[in-house]
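Q: Chain by chain, the residues:
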Amino acid sequence: MNDHSIETIGITKEYPGKEKPLVAVNHTNLLIRSGELFGLLGPNGAGKTTLIKMLCTLILPTEGTAKVGGYDIVKEAAKVRETIGWLHGETGGRALYWRLSARDNLRFYAYIQNVPSDVARKRIEALLEFFDLKREADSLVKDYSTGMKVRVMLARTLLPNPPILLLDEPTVGLDAQTAIETRKLILTLNRELHKTILLTSHNLYEVEKLCERVAIINTGKIVALGTMDQLAHLIHEAKTVEVRLEGTDGEAATQIIQQLDLVRRVVVSERSGDGWIIRAEVSDLDSAIPRIANALAGGNFRIRGISEIRPHLEEIFVKITERNNHG
Amino acid sequence: MDNQLITYFQDNVAPDKSEVRQTWGIFWGQLKIFMTYRTWVVTDTFNTIVSIAIYYFLSLQVQPSQIAASGYGTSYLAFSLIGIAFANYLWFCINRISHSMQSEIREGTFETIASSPIRMRSYLFGQAARGFLVGLYYMVGALAVGVYGFNAPLHFEPAALLTSSLVLVFMVLSHLGLGIFIAGIVLVYKQADPVTFMVSLFMEFFAGALFPLQLLSKYPPLAIASELMPYTYALDALRKSLIQGATLASQDILFDLAVLVVYAVILLPLGLWSFNVGYDRIRTEGTTSSY
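Residue numbers (my numbering), protein chains in the order written: chain A, 1 to 327; chain B, 328 to 618.
If you are wondering where the hints come from, they were derived from the structure by calculation, not from laboratory data. Built from N, CA and C at the ideal position, the CB exists for glycine as well. One thing to keep in mind: the hints can contain errors.
[As the list claims (entries may be wrong)] Per the computed footprint, the stretches of chain B lying under chain A, defined by three or more beta-carbons under 8 Å from a beta-carbon of chain A, are:
#: 1; region: 338–347
#: 2; region: 424–438
[To be verified] Here are the simulated distance ranges between beta carbons:
#: 3; chain 1: B; residue 1: A585; chain 2: A; residue 2: H194; range: 57 to 63 Å
#: 4; chain 1: A; residue 1: K18; chain 2: B; residue 2: A585; range: 50 to 56 Å
#: 5; chain 1: A; residue 1: H326; chain 2: B; residue 2: M362; range: 55 to 61 Å
#: 6; chain 1: B; residue 1: I381; chain 2: A; residue 2: D72; range: 56 to 62 Å
#: 7; chain 1: A; residue 1: V318; chain 2: B; residue 2: E346; range: 33 to 39 Å
Sequences and hints are given; from them, build the entire structure.
A: Okay, structure coming up:
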């Protein structure tokens, strides 16, 4: 496998529309490194599922192509299918055989995924155990809860041990405890088994916690891509510093901070319990923190803490998609 | 991930790409699913027995001389029993592929299959194999009810059974391409019931499942259509072996078998090709999960 497990090259998908074609994915270029845990975000209808289905070889691109595991999705579709594990969590277990048990679903999948029988037997038992399905392993899936069905789907995706995992909403429908365990599993798969993982989720907290880099797709185009820091920088020209003081007289401290030349504006200055919080946008974070600290120390203010405030992915996502929607 | 689990995913295991194993996997899974529909199996068994009873009472109204002229003995019950039991069997095998395809698409499992490394022909043959086995249950049941319940005069000697079994295999192979073609229609249009109904009706009519084909000789276009149906040759061979006791030594049986082989050689690749055309079309349209 080369340096990039997933590489899309001007990939485009147009569906026929009544008046003009509907462009679901628009000349998208994306490079996902081997062993990377990569997040793909986008509002509903942004093109995420179409892009993933093209990578799974289920949809043929109108223009451009992609390579998955070094194989072309159009010319070498069979090789691509041997390389990927795809989970479509949003189906809520619809993609399982409901009239088979969890164990039989996994056995069936082992046959079609070319997993040798002796290996499959051991893996199936280990996966049933891990996903807490052992007790109900021989009951029909139709009688399972949504969470159990998603766990069977996760087990099925892992069974052939593919190097590349395309996880579309892997924790949807799971209870909190299982969702936490699943996130841990995703991290382990990435860090210990070096799986390349493309993760999409509406749970932005999950993406923020797990992914090294994130791409935001909107109306078929990648509108932002980078690490959390890089994405944060896209929406905030100025960085924000938070200062936590002891005592309740923070107004004088606010005035001192406001007078510093690298402080653009104070956005928050308020009492917080038995202390005071001040948040200020600054132009240069590296210089700002020591200079604020020095200025406040000179005024005999007792500082509890001073740190950078990073915007959450949710804020980044909303601002970038809004900016993109309004041209 | 606990240590025990991780050990099972650290080996680089060579995949087992055997197509026979893939086909077996589909057959095994589909058969297991079928066996969960117990009520359906019981109802269908009951329907089979009732339909044989209907042909028994119908046979009481038909003069033996009319059947004798066709060269298949004198019992209308034996004549129609073979016509219907084997037509149903054939249709069960053929229909299974498109029906399963329809339900796979509706239930979302088709995308799982299509994104896996299984070869589509293994998938189709596995589906068909399930149809052959389950269909066999109804066919043997229908023949047993006809023979032991209503005294239909059929030859069950080893040579006749061997001959009819061979005809059965080639009958299925000669029609398999048609079943795969219809499954391709289901992929694209998501529905093929009117087509399958029409084809089964034509097949039963033109092959003479319920009446001697001599009746069509007055209508040349219908007689030609009848000669173009592979089921006509299958039915002729089956009736000759099971009603008259003809074996593979018979020229007529060998001719019928040769025609079925020709149809199999032509229709099977055509069916697979048309299915692939349909499969590529839904991948282009992005409708692998639409129904």
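Q: Hint by hint, say whether it matches the structure.
A: Hints and how they fare:
no., hint, in the structure
1, 338–347, "holds (count 6)"
2, 424–438, "holds (count 4)"
3, B:A585 - A:H194: 57 to 63 Å, "59 Å, holds"
4, A:K18 - B:A585: 50 to 56 Å, "53 Å, holds"
5, A:H326 - B:M362: 55 to 61 Å, "58 Å, holds"
6, B:I381 - A:D72: 56 to 62 Å, "58 Å, holds"
7, A:V318 - B:E346: 33 to 39 Å, "50 Å, violated"
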